[in-house]
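Using the hints, position chain B against chain A.
There are 2 protein chains.
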Amino acid sequence: MSVEMTRRTFRPCWCAAGAFLIVVVMAAGCAKSGTESAAPTSTTKTQLDYAIAIHGGAGTISKDISVERRTAYENALENVLRRGVEMLEAGGDALDTVEAVLRMMEDDPLFNAGKGAVFNHEGGHELDASIMDGETLACGAVAGVTTVKNPISLARLVMERTPHVLLAGPGAEVFADETGVDRVDQEYFFSQRRYDAWRKTLEKKSEAKDAVRGTVGAVALDRDGHVAAATSTGGLTNKRFGRIGDSPVIGAGTYASDAGCAISATGKGEEFIRNAVAFQVSMLVELQGLDVESAARQVLESRLEPESGGVIALTTDGSIAMTFNTQAMPRAAADSTGRFEVLIW
Amino acid sequence: MSVEMTRRTFRPCWCAAGAFLIVVVMAAGCAKSGTESAAPTSTTKTQLDYAIAIHGGAGTISKDISVERRTAYENALENVLRRGVEMLEAGGDALDTVEAVLRMMEDDPLFNAGKGAVFNHEGGHELDASIMDGETLACGAVAGVTTVKNPISLARLVMERTPHVLLAGPGAEVFADETGVDRVDQEYFFSQRRYDAWRKTLEKKSEAKDAVRGTVGAVALDRDGHVAAATSTGGLTNKRFGRIGDSPVIGAGTYASDAGCAISATGKGEEFIRNAVAFQVSMLVELQGLDVESAARQVLESRLEPESGGVIALTTDGSIAMTFNTQAMPRAAADSTGRFEVLIW
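In the order they appear, the protein sequences are chains A and B.
All residue numbers for the first sequence refer to my numbering, where the first residue is 45 and numbers rise by one.
All residue numbers for the second sequence refer to my numbering, where the first residue is 45 and numbers rise by one.
Think of the hints as simulated: they come from the structure by calculation, not from any bench.
A hint or two may mislead.
Remember, identical chains collapse to one label, so a pair may be satisfied in a single copy or spanning two.
[What the hints assert, rightly or not] Simulated crosslink set (SDA-like; lysine to any residue; CA at most 20 Å straight-line):
(1) Lys248 to Thr206
(2) Lys244 to Glu222
(3) Lys193 to Glu122
(4) Lys107 to Thr191
(5) Lys248 to Arg205
(6) Lys248 to Pro207
(7) Lys107 to Glu351
Next up, chain A with everything else stripped away, as it sits in the complex:
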């Protein structure tokens, strides 16, 4: 089976002015499943100053999408990635960086997180997010929030201001009341595209068949050598009220440990929960000494069903894996060597 791979590569020159020399490479190749690695296992790894990867959800995106739509994806990912690089280049924390870039993606209706979140069975929006600090294993998550503009920031506040990890539903809203995070009404999350997808799914009386899931995630390594991970989602189109997927579950959708890796997952949430995918990849790196690419690939290939989803992951040496077993996973990666690339298929 031949799957065309489209790649857009940017190689910025990190001179003082920060001018970007952008080289766009459109490469067609053959890939059974999409995999990317910053540092192939056969080469000697060198410690990078910083690195970042982001994803916009694993799923199906037709190769025949319009140029406008493709450009929209690529521009969105490029802008988000550039913001992350700027923060890390300036010495920003990995934790601050993954939160900031996820806020950008939550604000973009292109993705299924924050504005643009999918509709649940009742025609509403319930948002989930989680964040984790690889240095301390501190983590926070929210599930089923309905009025919070940026769930990832509320997840971080759960981590920093409560003794808890996960707050759900109305209780999470009560907590939001105490924090001063931006609130919105449900209409804010509306997007015509997600509404049409929901109506179509309703007619079929199906659930969990969203072609492009659109969960967003980020992993980052900062100049202090610490990693962090974050994930945010609107879940599944037409999902049952109260369903919690993997995104807010630490160990399933998100994990970060300096000793293992930082990782954000996207895909069939229940598969990722039952296999504790994020934690499992980190364990394979930490305990079995696998490089992050091999660890991610091993879990996807040996544990998950085909078409389950994908992960982005990164270790403290700056190695990045972006692995998926679906047709597409909009994603982007950059590091302190000048790597700067945006990919969809």
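Positioned in the frame of chain A, the structure of chain B alone reads:
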């Protein structure tokens, strides 16, 4: 530091009539942390026909508790264990068995699950439970349910009747409406002891300091060679509305895999989530070939803070671990060789 260990051992004679020859042994020993193993690593392991372990929560129980209270714990655990043994002896499924014994513990106000659940900050009860089948990795969980008499049975229905793993809050109640599970009003969960504990905690304005946490759990191996695990809890006294601990999180509080182990955890839920304790123990058994006792001990000793909690775990060869780093963990274990023991400290 010398910690007295009190043990009550029953050795039933498995004759046709099922008559029990009960030997009660009260042994005083020295244990830094409580650990039990059905099959010490130094002996050759033999495949057992079936095995079961249960726990009633790790925490602090004074050695000076009244004889009545101690007897109440021991009798409750003994009755639950006997029911489990009867089911497994008769060829019952591990999954049916862990559900049945957890229902008994949920119905007993002695434990912090179902009737007798602790009060949250608002003076209500929110219940969490999860269950997992080690043969298929099928799993189900509910969080924050308020009207379901036996949350463990609702968790099983999530597993069997939905494509999801975790349903939370009002959405889980809506699902309960469709299933016909027994419903109760909040007063059903009332117990004077938990009420008094809550009032005391409220006065101190503290949270998460319940002396006896009282989460319940079970792991079982059936005659078909499959394992299952289940956990149920009322959470932390005075917990924040909407807080989800480790009990309903697959990989944190509960996990089951024939390839690894079945495990149920109890303790500081957030610590167990951030370390994916249940999954981690199972991974150490599966990938590193550790016996279940060593795996459980390694995770508790190397990953968790002192006084964090404990786990019960069992592998398909019938080896049982009951490990904790708190003062006490009411627990009991039995297997097809006639082992039948109940312990508190």
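In rising order, the numbers of the hints this structure does not comply with: Numbers 2, 3 and 4, in rising order.
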